[in-house]
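A.B. asks: Take the two lone chains, each set in its own frame, and fit them into one complex as the hints suggest.
Quick note, the sequences are listed as chains A and B, same order. Residue 4 in UniProt numbering is what sits at position 4 of the first sequence, and the numbering runs on without skipping anything. Residue 1 in UniProt numbering is what sits at position 1 of the second sequence, and the numbering runs on without skipping anything.
Don't read these hints as lab results, they were simulated from the structure. You can take every hint at face value.
Now the in silico label distances, taken between C-beta atoms and shown as ranges:
hint : chain 1 : residue 1 : chain 2 : residue 2 : range
1    : A       : Lys-64    : B       : Leu-40    : 21 to 27 Å
2    : B       : Val-27    : A       : Gly-18    : 19 to 25 Å
3    : B       : Asp-28    : A       : Tyr-28    : 22 to 28 Å
4    : A       : Leu-60    : B       : Gly-49    : 27 to 33 Å
5    : A       : Leu-60    : B       : Ser-66    : 30 to 36 Å
6    : B       : Val-27    : A       : Asp-25    : 30 to 36 Å
7    : A       : Glu-50    : B       : Ser-66    : 35 to 41 Å
8    : A       : Thr-72    : B       : Gly-49    : 27 to 33 Å
9    : B       : Val-61    : A       : Gln-26    : 23 to 29 Å
10   : A       : Asp-17    : B       : Ile-70    : 27 to 33 Å
11   : A       : Lys-64    : B       : Asp-28    : 23 to 29 Å
12   : A       : Ile-71    : B       : Ile-70    : 44 to 50 Å
Calculated Cβ distances over 12 Å to all of chain B for the following chain A residues:
hint : residue
13   : Thr-19
14   : Asp-20
15   : Gly-24
16   : Asp-25
17   : Ser-62
Simulated crosslink set (BS3-like; lysine-lysine; CA at most 30 Å straight-line):
hint : chain 1 : residue 1 : chain 2 : residue 2
18   : A       : Lys-37    : B       : Lys-2
19   : B       : Lys-56    : B       : Lys-14
20   : B       : Lys-3     : A       : Lys-64
21   : A       : Lys-31    : B       : Lys-3
22   : B       : Lys-2     : B       : Lys-14
23   : B       : Lys-56    : A       : Lys-64
24   : B       : Lys-55    : A       : Lys-37
25   : A       : Lys-37    : A       : Lys-64
26   : B       : Lys-56    : A       : Lys-37
27   : A       : Lys-29    : B       : Lys-55
28   : A       : Lys-29    : B       : Lys-2
29   : A       : Lys-64    : A       : Lys-31
30   : B       : Lys-56    : B       : Lys-7
31   : B       : Lys-7     : A       : Lys-29
32   : B       : Lys-14    : B       : Lys-55
33   : B       : Lys-3     : B       : Lys-14
34   : A       : Lys-29    : B       : Lys-3
35   : B       : Lys-55    : B       : Lys-2
36   : B       : Lys-2     : A       : Lys-64
37   : B       : Lys-3     : A       : Lys-37
38   : A       : Lys-64    : A       : Lys-29
39   : A       : Lys-64    : B       : Lys-7
40   : B       : Lys-14    : A       : Lys-64
Glycine residues also receive a C-beta, built at the ideal position from the N, C-alpha and C atoms.
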Amino acid sequence: MALAERIDSRLQLTFEDGTDPISGDQIYKTKSFNNVKIDATADQLLAVTETLVPLQQLVLYSVKRNDTELITED
Amino acid sequence: MKKIELKFENEEGKTVTFSLDNPVEPVDPVAVSEAMDAILSENAFFSSGGDLVAKKSARIVERNVSEIEI
Numbered sequence: 001m002a003l004a005e006r007i008d009s010r011l012q013l014t015f016e017d018g019t020d021p022i023s024g025d026q027i028y029k030t031k032s033f034n035n036v037k038i039d040a041t042a043d044q045l046l047a048v049t050e051t052l053v054p055l056q057q058l059v060l061y062s063v064k065r066n067d068t069e070l071i072t073e074d
Numbered sequence: 001m002k003k004i005e006l007k008f009e010n011e012e013g014k015t016v017t018f019s020l021d022n023p024v025e026p027v028d029p030v031a032v033s034e035a036m037d038a039i040l041s042e043n044a045f046f047s048s049g050g051d052l053v054a055k056k057s058a059r060i061v062e063r064n065v066s067e068i069e070i
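Only chain B is shown next, with the shape it has when bound in the complex (with noise of 0.2 Å):
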């Protein structure tokens, strides 16, 4: 199971991060950075530290999960 995760900074300098399942593989960094910079510019989300007001960073999550017997 892997996501993205798109991290922002808020005005109080604290990490807002929204995540997406199933990312596009390979990543273009491009894109990544674009819509992130599009998430600031609308400014439409708000955050318990104020607006988002940067860009922090980006990357892939990946989950391994293995049962075991008990």
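So that you can see chain A by itself, here it is in the shape it has in the complex (with noise of 0.2 Å):
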């Protein structure tokens, strides 16, 4: 039996960054937050990410939530 433990949590928002001028891709720029706290409920990511994006001048693409679990032996 395999135990996951989560170990490490960061909060990733996407922005949208214009559009490839060769291909007319859409380019998207990441933002990665570290240290979040392990417990950080998904509203408490929003409320955050909802204060920090008009700071800034991109529009947002999406909101992400990277976490790293530990696996080992039980």
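C.D. replies: Here's what the structure looks like:
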């Protein structure tokens, strides 16, 4: 039996950053915030995101949470 | 290349900085202060010196790069 323990969590915001002049594809830019509390809720992270986004100019595309789990043997 | 930096104090009195590229200018100091209040009240982040406990400062930082031909 394996155990998975969440040991690290980060908030990753993806913004639209214009289009590629040749292909016309959307370009995205990501910004990560480390040191998210393991027990932080999605509501908390969304609230933080909603206050940070208006301080900058790009359009928010997605909000992600990246968790790292340490897997060990039971 | 400009950035906005939000500086907080943690429980050990050390500074923790959040930065964002492409800040809106002119900066609205009230909006910046409110955003920092929200980060403190949500309390969703930690630091090596404990929770964030107070706002310290905020600033716009610009980096100028000039290539040197060698």
